[in-house]
Amino acid sequence: MIAGITLEAVALVRGGRTLFEGLNARVGSGRALTVTGPNGAGKTSLLRAIAGLVRLASGRIAFEGSADPAEARRFHSHLVGHQDGLKSARTANDELLFQARWCGATRQAALAAAERLGLAPHLALDVRRLSAGQKRRLALARLLAAPRALWLLDEALAPLDAGGRALMGEIMAEHVAAGGLIIAAAHDPLPIAADTLDLGR
Amino acid sequence: MIAGITLEAVALVRGGRTLFEGLNARVGSGRALTVTGPNGAGKTSLLRAIAGLVRLASGRIAFEGSADPAEARRFHSHLVGHQDGLKSARTANDELLFQARWCGATRQAALAAAERLGLAPHLALDVRRLSAGQKRRLALARLLAAPRALWLLDEALAPLDAGGRALMGEIMAEHVAAGGLIIAAAHDPLPIAADTLDLGR
Amino acid sequence: MISGFANPHRFMSFSRWAAPTLALIAAALLALGLWLGLSAPPDYQQGETVRIMFVHVPAAWTAMLAYLCLGGASFASLVFRHAVADAAASAAAPLGAAFTAAALITGSLWGKPMWGTWWAWGDSRLVSVLVLFLLFVGYIALRASIEDEGKAARAAEILALVGLINLPVIKFSVDWWNTLHQGESIFRAGGPLIAPVYLIPLMLTGAGYSAAFAALWLTRTRMEVRRRRSLGLALRAAR
Amino acid sequence: MSGLGVLLRRELSLTWGAGGGPLLSVGFLIAATVLFPLSLGSAAQILGAVAAGLVWVLLALASLLSLERLFARDFEDGALDIIALGPLPLEASCAVKCLAAWLTNGAPLALASPLAAVALGEPVGAVPLIVLTAALGSLAFVFVGGIGAALSLVSRGGALLQTLIVLPLLIPPVIFGAAAVFAWTHGLAWTPGLALLAAYALAAIGLGPIAMAGACRNALG
Amino acid sequence: MSGLGVLLRRELSLTWGAGGGPLLSVGFLIAATVLFPLSLGSAAQILGAVAAGLVWVLLALASLLSLERLFARDFEDGALDIIALGPLPLEASCAVKCLAAWLTNGAPLALASPLAAVALGEPVGAVPLIVLTAALGSLAFVFVGGIGAALSLVSRGGALLQTLIVLPLLIPPVIFGAAAVFAWTHGLAWTPGLALLAAYALAAIGLGPIAMAGACRNALG
Ligand code: HEM
Ligand SMILES: Nc1ncnc2c1ncn2[C@@H]1O[C@H](COP(=O)(O)OP(=O)(O)OP(=O)(O)O)[C@@H](O)[C@H]1O
Ligand SMILES: Nc1ncnc2c1ncn2[C@@H]1O[C@H](COP(=O)(O)OP(=O)(O)OP(=O)(O)O)[C@@H](O)[C@H]1O
Ligand SMILES: [Mg+2]
Ligand SMILES: [Mg+2]
Chain A
1 MIAGITLEAV
11 ALVRGGRTLF
21 EGLNARVGSG
31 RALTVTGPNG
41 AGKTSLLRAI
51 AGLVRLASGR
61 IAFEGSADPA
71 EARRFHSHLV
81 GHQDGLKSAR
91 TANDELLFQA
101 RWCGATRQAA
111 LAAAERLGLA
121 PHLALDVRRL
131 SAGQKRRLAL
141 ARLLAAPRAL
151 WLLDEALAPL
161 DAGGRALMGE
171 IMAEHVAAGG
181 LIIAAAHDPL
191 PIAADTLDLG
201 R
Chain B
1 MIAGITLEAV
11 ALVRGGRTLF
21 EGLNARVGSG
31 RALTVTGPNG
41 AGKTSLLRAI
51 AGLVRLASGR
61 IAFEGSADPA
71 EARRFHSHLV
81 GHQDGLKSAR
91 TANDELLFQA
101 RWCGATRQAA
111 LAAAERLGLA
121 PHLALDVRRL
131 SAGQKRRLAL
141 ARLLAAPRAL
151 WLLDEALAPL
161 DAGGRALMGE
171 IMAEHVAAGG
181 LIIAAAHDPL
191 PIAADTLDLG
201 R
Chain C
1 MISGFANPHR
11 FMSFSRWAAP
21 TLALIAAALL
31 ALGLWLGLSA
41 PPDYQQGETV
51 RIMFVHVPAA
61 WTAMLAYLCL
71 GGASFASLVF
81 RHAVADAAAS
91 AAAPLGAAFT
101 AAALITGSLW
111 GKPMWGTWWA
121 WGDSRLVSVL
131 VLFLLFVGYI
141 ALRASIEDEG
151 KAARAAEILA
161 LVGLINLPVI
171 KFSVDWWNTL
181 HQGESIFRAG
191 GPLIAPVYLI
201 PLMLTGAGYS
211 AAFAALWLTR
221 TRMEVRRRRS
231 LGLALRAAR
Chain D
1 MSGLGVLLRR
11 ELSLTWGAGG
21 GPLLSVGFLI
31 AATVLFPLSL
41 GSAAQILGAV
51 AAGLVWVLLA
61 LASLLSLERL
71 FARDFEDGAL
81 DIIALGPLPL
91 EASCAVKCLA
101 AWLTNGAPLA
111 LASPLAAVAL
121 GEPVGAVPLI
131 VLTAALGSLA
141 FVFVGGIGAA
151 LSLVSRGGAL
161 LQTLIVLPLL
171 IPPVIFGAAA
181 VFAWTHGLAW
191 TPGLALLAAY
201 ALAAIGLGPI
211 AMAGACRNAL
221 G
Chain E
1 MSGLGVLLRR
11 ELSLTWGAGG
21 GPLLSVGFLI
31 AATVLFPLSL
41 GSAAQILGAV
51 AAGLVWVLLA
61 LASLLSLERL
71 FARDFEDGAL
81 DIIALGPLPL
91 EASCAVKCLA
101 AWLTNGAPLA
111 LASPLAAVAL
121 GEPVGAVPLI
131 VLTAALGSLA
141 FVFVGGIGAA
151 LSLVSRGGAL
161 LQTLIVLPLL
171 IPPVIFGAAA
181 VFAWTHGLAW
191 TPGLALLAAY
201 ALAAIGLGPI
211 AMAGACRNAL
221 G
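Chains as they are written, first to last, in our numbering: chain A, 1 to 201; chain B, 1 to 201; chain C, 1 to 239; chain D, 1 to 221; chain E, 1 to 221.
If we strip away everything but chain A, and leave its shape as in the complex, we get (with noise of 0.2 Å):
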């Protein structure tokens, strides 16, 4: 479980350039964060250093709840990114299957899921296929199939419609009010109330 996020003087560097230095923040369970700023300030660049795929300049993220970081990232964290990491030549329920069982789903959850996100008439086409957002949908699926605490989200509703990102909202308000956690990098507001980090210069 994580039980709260705290960035600590946070700096990053992308080839040779600081991006952000002396940035603290902190999530609790059951908070969620909105990351704002023009392009190239640095979300992107952020989310993935909390997943740990990009390393800090300086500074450190701890994890309240749990004692190894890496232990937290990898079984209760999500990802959803600018990419939906989908393989254009399988089916749209292959990939289902393998993101959500990846991440430790039933066969049942991930099915559940594609249901409630309105994916199931297209699960047998080739992802090569699906509509933009179909395709986020799809990749979205696996925060419903595998619950885990933190969510970090990259600009992950933008391709959707109006109903889907209503939807969005829905899920995201249950799973915050279960006492996870949400850190949005977005340019529209989310669906749902939150703290705002401004990285914009």
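Since the hints were derived computationally from the structure, they do not count as laboratory data. Treat the hints with care, as some may be off.
Cβ-to-Cβ under 10 Å is the rule here; a few derived chain D residues that face chain C [as the list claims (entries may be wrong)]:
| no. | residue |
| --- | --- |
| 1 | Gly-27 |
| 2 | Ile-30 |
| 3 | Ala-31 |
| 4 | Val-34 |
| 5 | Phe-36 |
| 6 | Leu-38 |
| 7 | Leu-40 |
| 8 | Pro-114 |
| 9 | Val-118 |
| 10 | Ala-119 |
| 11 | Leu-120 |
| 12 | Leu-132 |
List time: in silico SDA-like cross-link candidates among lysine to any residue, alpha-carbon distance up to 20 Å [stated by the list, open to error]:
| no. | chain 1 | residue 1 | chain 2 | residue 2 |
| --- | --- | --- | --- | --- |
| 13 | C | Lys-112 | D | Pro-114 |
| 14 | C | Lys-112 | D | Arg-73 |
| 15 | C | Lys-151 | B | Ala-57 |
| 16 | C | Lys-151 | A | Ala-186 |
| 17 | C | Lys-171 | C | Leu-65 |
| 18 | C | Lys-151 | E | Ala-72 |
| 19 | C | Lys-112 | C | Glu-48 |
| 20 | C | Lys-151 | A | Gln-83 |
| 21 | C | Lys-151 | A | Ala-124 |
| 22 | C | Lys-151 | B | Gly-169 |
| 23 | C | Lys-151 | B | Ala-178 |
| 24 | C | Lys-171 | E | Ala-203 |
| 25 | C | Lys-171 | C | Ser-108 |
| 26 | C | Lys-171 | E | Pro-192 |
| 27 | C | Lys-112 | C | Pro-42 |
| 28 | C | Lys-151 | B | Gly-15 |
| 29 | C | Lys-171 | C | Leu-68 |
| 30 | C | Lys-151 | B | Thr-44 |
| 31 | C | Lys-112 | D | Pro-123 |
| 32 | C | Lys-171 | C | Lys-112 |
| 33 | C | Lys-171 | E | Ala-195 |
Being a predicted model, the structure only gives us computed values, none of them experimental. Where is the CB? At the ideal position from N, CA and C, for every residue including glycine.
With chain A held as given, fit chains B, C, D and E with the ligands onto it using these hints.
Using the frame of chain A, we list chains B, C, D and E with the ligands on its own:
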């Protein structure tokens, strides 16, 4: 030049499924049209059909002011889609110049466009290092660099920050004012006045 | 004639009686040819093994015929957009592969007693047939690896036509290469000069094989057409 | 179902669906085998002497062909993020990917290689040894080739660069394997070659994944 | 600057940067040439007889290696849309892509092939002819291989499928080229082989792009 576009009883079929049929619409020069609809409604397919990439199941698309549609598509229209069509291993500068020149623009025009879209500081970077928004700005640069009557924009503004959207609003307004045509698929309202074509089922 | 098939319904009603008739003809021809062939005296140099010729050579001929049909059907489908053509093409490929395999196997079965080896790179006919087999396999593999029916059809058509253009060139090049450095002339054993006792049954079995192929082709095409109908696919995917 | 099984199944179906699969490997081997004798023309009779060598070169090339995009696809479409954040340590995931690549391409190629070898004139009796060496060899190829595949993620180089990185590392297994077969056909002691080949394959399996994981992390970061 | 020039420059810099570039192709050829004699063991003395053929097969495989992603990259990242909507007819664009691939890989390989040939025991006198045939041959390889690259866009098949589709079509140029060199070294008439090779290359250049464009349209639609 393209003085107007008329869709007459257009029907699209993807993978054996009929997306829509009997679609009629007209866009005159100096007008913008927003194509809306839920995920999977067929917005992308429609734009690609107008660009001549997807075959119509029935109906016809007429380009006023140019005898041969192929020529209208080749020399008088831009398509900016979900994908940016950028090579991650090349520098932003190379890609900018290629896309612009390929559409018949000069080097100066390309650089001016990049300047206006705030890309100037990033042109030396590899595309792979650009942020999502920076990539999209790069893809949009050819609209400015190579003036063409018809702009087909497929959710082109989604990854842009507030500033970027305002800027594109300006740019699109200018284009329309100069007698251009815009057909844009979007989930959020366009930053300019536009008629709406709803593909919702 | 071909345009008659353009209409699926006319094709189905035609093939309903054509297929079985051809099957009967094939059976008759094969029976007669094989009987004559087996009753013919053993060859003075090849002995009993000469009889393999009656199954081998026709197989090889039919294999080539099959590729011609594949190419023709693909052409009709690509250029004239005949509705049934693509189904026919996809039906012809596995048959062709089968006949080619038969030619290869009987051939090398023949080669062992004749040349003391299963395989001889020196003989252009062997090589051309092997290449033909590769063309069939490639076509089938490509088609199998595409899931969108419409796109699969298009891609397969293009490949088949490219292969059709190349096949004669390949055969020519192989022949030419082997004559250039005239080694292995022994391998031409049994070449063109064949005694009538063998020639007549050979012709009969040849005709029989072709008829059999035609019958199978029609049947498989019918099956393919039905499959697509049951899938509710427009026979000619939206173009 | 354990993460390991999940990933393995996915990789298998991926490579199987995409260009892998026995039919293709065999087809490739045959097609490439045809080119040699044809290009040799009248030299064909001496094919037997070079058969073993040819088969090994084909094996190596086929493995490289099928390996080129082992990590690149997942890197470009973001799946590598998901894999890196999954339940398995990245080293294990890399090993699984390689194993799957071997099962779908290496192993079928190994089973098919006698076809080519015999077609090119190897004695039929050598078949079991050929299969064994080919299997071990392709295993080594995969786990060494994977390193190249991972390294070329950050570099701009494509297949050819990768081939360059990897080929030197492929030389030992080729020598050992070919030596074993050669020794057998000439009635010499063939066990040393086989043993060396096995040792090399084991080493590759042990060390390869560590290098791959490092390269992948570097590419993601 | 004309669309043609723009595209050509882009393709050149692309293949140059990514996986192409003379150094790499040449390196591949050399590496493979090294690999081969090693795998022969003591049979190496008869190398001379097979040199010409071997070089040809290496040429063919190297071209295929470098061609695999000729269209795939542009298809996946959407650049193919831009190219298809550009000022050139798609056929011309495909031809330009192939030309670029040849300039960055085929031509360097052709220039390097004498290295391999001589290393494998061809007479030095044959070098000019080897270069000429190799140049023509690689040209044919590229324009035929491009068809496979375009066809496999829609398919789930990867490099192996593509190779399987294309290899049979490479037989004639390999034969003609090897024959010309063979004839030269054996004092026979070598012009027929050369002429046939040139004819095949021309035909490929003429017809290949049409097939490629068709396949690309099919994939995009
Ligand atoms: C894998 C082995 C073989 C294959 C693939 C093969 C293939 C072929 C093909 C394609 C033909 C028709 C050629 C044409 O009509 O131009 C043919 C005909 C023939 N083959 Fe074979 N063959 C093989 C082995 C043999 C062997 C071992 C013999 C024994 C002498 C043989 C004798 C003949 C004869 C006599 C004909 C008919 C005469 C002719 O058409 O030239 N073949 N074979
Ligand atoms: N691997 C890298 N090497 C060098 N610079 C990089 C790298 N990755 C990102 N950058 C730079 O870091 C900055 C931040 O990138 P990032 O993707 O985090 O921005 P972002 O806030 O997500 O922007 P967007 O809103 O467009 O997604 C960008 O200016 C980008 O050029
Ligand atoms: N090549 C194809 N084969 C089969 N079906 C396809 C193909 N391409 C798209 N489709 C289907 O057509 C429908 C419309 O796709 P399209 O991308 O046009 O939707 P869209 O309106 O752009 O959706 P989004 O808002 O998510 O971008 C989708 O349901 C998709 O599954
Ligand atoms: Mg971002
Ligand atoms: Mg869309």
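Report task. Would you mind confirming whether the straight-line C-alpha gap from Lys-151 (chain C) to Ala-124 (chain A) stays at or under 20 Å? Result -> holds, 17 Å
Query raised in the report: Taking only the CA atoms, is the gap from Lys-151 (chain C) to Gln-83 (chain A) under or equal to 20 Å?
Result: Violated - the C-alpha atoms of Gln-83 (chain A) and Lys-151 (chain C) are around 26 Å apart, more than 20 Å.
**Report entry** Straight-line alpha-carbon gap Lys-171 (chain C) to Ser-108 (chain C), limit 20 Å
**Finding:** With a Cα-Cα distance of about 19 Å, the restraint between Lys-171 (chain C) and Ser-108 (chain C) holds, given a limit of 20 Å.
Query raised in the report: Taking only the CA atoms, is the gap from Lys-151 (chain C) to Gly-15 (chain B) under or equal to 20 Å?
Result: holds, 9 Å
**Report entry** Gly-27 (chain D) as chain C interface residue, shortest Cβ-Cβ below 10 Å
**Finding:** Gly-27 (chain D) check passes; min Cβ-Cβ to chain C is 5 Å, inside 10 Å.
Query raised in the report: If you take the shortest Cβ to Cβ gap from Leu-40 (chain D) to chain C, is it below 10 Å?
Result: holds, 8 Å
Requested in this report: Given the hint that Lys-171 (chain C) pairs with Ala-195 (chain E), test it: the Cα-Cα distance must not exceed 20 Å.
Outcome: holds, 17 Å
Query raised in the report: Holds or violated: is there a CB of chain C closer than 10 Å to the CB of Ala-31 (chain D)?
Result: holds, 5 Å
Query raised in the report: Does the CB of Ala-119 (chain D) sit less than 10 Å away from some CB of chain C?
Result: Hint holds; Ala-119 (chain D) Cβ to chain C Cβ min 6 Å, cut 10 Å.
Requested in this report: Using 10 Å as the Cβ threshold, decide whether Val-118 (chain D) counts as touching chain C.
Outcome: holds, 8 Å
Query raised in the report: Taking only the CA atoms, is the gap from Lys-171 (chain C) to Pro-192 (chain E) under or equal to 20 Å?
Result: Given pair Lys-171 (chain C), Pro-192 (chain E) holds - Cα atoms ~17 Å apart, limit 20 Å.
Query raised in the report: Does the structure keep Lys-112 (chain C) and Pro-114 (chain D) at a Cα separation of 20 Å or less?
Result: holds, 19 Å
Violated hints, in rising order: 8, 12, 14, 16, 20, 22, 23, 32; the structure is consistent with all others.
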